[in-house]
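There are 2 protein chains.
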Amino acid sequence: MRRLYHMPLSPFCRKIRLVLAEKKIEVELVEERPWEKRMEYLRQNPAGLVPMLKIDDVTLSDSGAIFEYLEETYPVPPLLPQGALAKAEARRMAAWFDDKFQREVTVKLLYERVNKRIMKTGYPDSQAIKDGSQAIKYHLDYMDYLLDQRRWLAGDVMTIADFAAAAQLSCLDYISGVDWAHSEAVKDWYAKVKSRPAFRSLLADQVSGFPQPDHYADLDF
Amino acid sequence: MRRLYHMPLSPFCRKIRLVLAEKKIEVELVEERPWEKRMEYLRQNPAGLVPMLKIDDVTLSDSGAIFEYLEETYPVPPLLPQGALAKAEARRMAAWFDDKFQREVTVKLLYERVNKRIMKTGYPDSQAIKDGSQAIKYHLDYMDYLLDQRRWLAGDVMTIADFAAAAQLSCLDYISGVDWAHSEAVKDWYAKVKSRPAFRSLLADQVSGFPQPDHYADLDF
Chain R
239 MRRLYHMPLS PFCRKIRLVL AEKKIEVELV EERPWEKRME YLRQNPAGLV
289 PMLKIDDVTL SDSGAIFEYL EETYPVPPLL PQGALAKAEA RRMAAWFDDK
339 FQREVTVKLL YERVNKRIMK TGYPDSQAIK DGSQAIKYHL DYMDYLLDQR
389 RWLAGDVMTI ADFAAAAQLS CLDYISGVDW AHSEAVKDWY AKVKSRPAFR
439 SLLADQVSGF PQPDHYADLD F
Chain X
239 MRRLYHMPLS PFCRKIRLVL AEKKIEVELV EERPWEKRME YLRQNPAGLV
289 PMLKIDDVTL SDSGAIFEYL EETYPVPPLL PQGALAKAEA RRMAAWFDDK
339 FQREVTVKLL YERVNKRIMK TGYPDSQAIK DGSQAIKYHL DYMDYLLDQR
389 RWLAGDVMTI ADFAAAAQLS CLDYISGVDW AHSEAVKDWY AKVKSRPAFR
439 SLLADQVSGF PQPDHYADLD F
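In the order they appear, the protein sequences are chains R and X. Each residue of the first sequence is one higher than the one before, starting from 239 at the first, in our numbering. Each residue of the second sequence is one higher than the one before, starting from 239 at the first, in our numbering.
Worth flagging that the hints you see were computed from the coordinates, not collected in a lab. Be aware that one or more of the hints could be misleading.
Put simply, identical chains are the same to the list, so a pair is met inside one copy or across any two.
30 Å max Cα-Cα, derived BS3-like pairs, lysine-lysine [what the hints assert, rightly or not]:
#1 375 with 275
#2 338 with 368
#3 354 with 368
#4 358 with 262
My request is simple: use the sequences and hints to build the entire structure.
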């Protein structure tokens, strides 16, 4: 039995869900609330984070390590391009969203508004939300600049970079945190990713206490 | 001309310096102060962080992407083990140090004590230092647990996980932030890594305003 332990609005889990679906690897989704520090979960995954994947009789954690495992073991379709330099660019851009975008935008907008309420750890910090709202503009500008020269974020083929970015943006879009009017190129790119069959499961997510906004699952947003 | 743009006490730069030296790839080290936001640097590396590597007529950034590029292009000696599962374990442990140890320990101890002074951004936060000093014990315990069952952190061969860990610990050791008496297994492991020729350049680092403690470069610490 293949199982992915996840949270619906975790960008790292969404990245792996996209990779699994694109590679047509079916998994059962199991919701795990990392802050509850379930002993049985920590035993298998000492870092205690989501996602964790059970597949091929092994247990994997860390979304980067999981991705590389899947890319090597289930190589079709590839989500890294050919050639060491092109691979480096795809990994650099994936890390941009996993690290920089996550820290500068997602932690400040999504975690303040949603995670704090779910985890009951206090009220949103308005300065953080202000900073995140400012930072996302800069990131959308950078994506706009890249997509002016490239079909996809890391080059002419779709890669893990596109999934890392779409995973982040889709979480923010769930709380109406993305101004799609900011860049036509980014909106067109997101429409392309969003319309892939691999994206369907993300569009069906429902988080208790946070109703899905109308445009979220609309392919014509 | 191969060049690594770096900071002496950046764990991510040290990890790449160890990888380069282990693979016997000679580079010129150029110190870059990311917070000065040099335009020419940002143009080549929009995330603005160190390390950045110029090699083979290309420019690479993000330490994860740089490592994977070097591993593919300069495969001898390998720093990832054979087999997808063993690779996943090496990458999981490298991410443990790059992400979790960095956030819970290094940011709280090294950044508070050193980076804030170099960057002139204020005084150390004593609560952060207290939290970091507590967290490092837990990490040393986890390493002790792993090294009780394995010769190296991710298994029976030395991998990028060992370099990611040694890069973090060596930065903290420069400010006498590691209690080597805490675990004999960790001390033995660090002595093994520290005595490799690849480590020599790290032991020669000198940071202005922060004299090297006596034990730092001593192989018999």
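Those earlier numbered hints the structure runs against, lowest number first = 4
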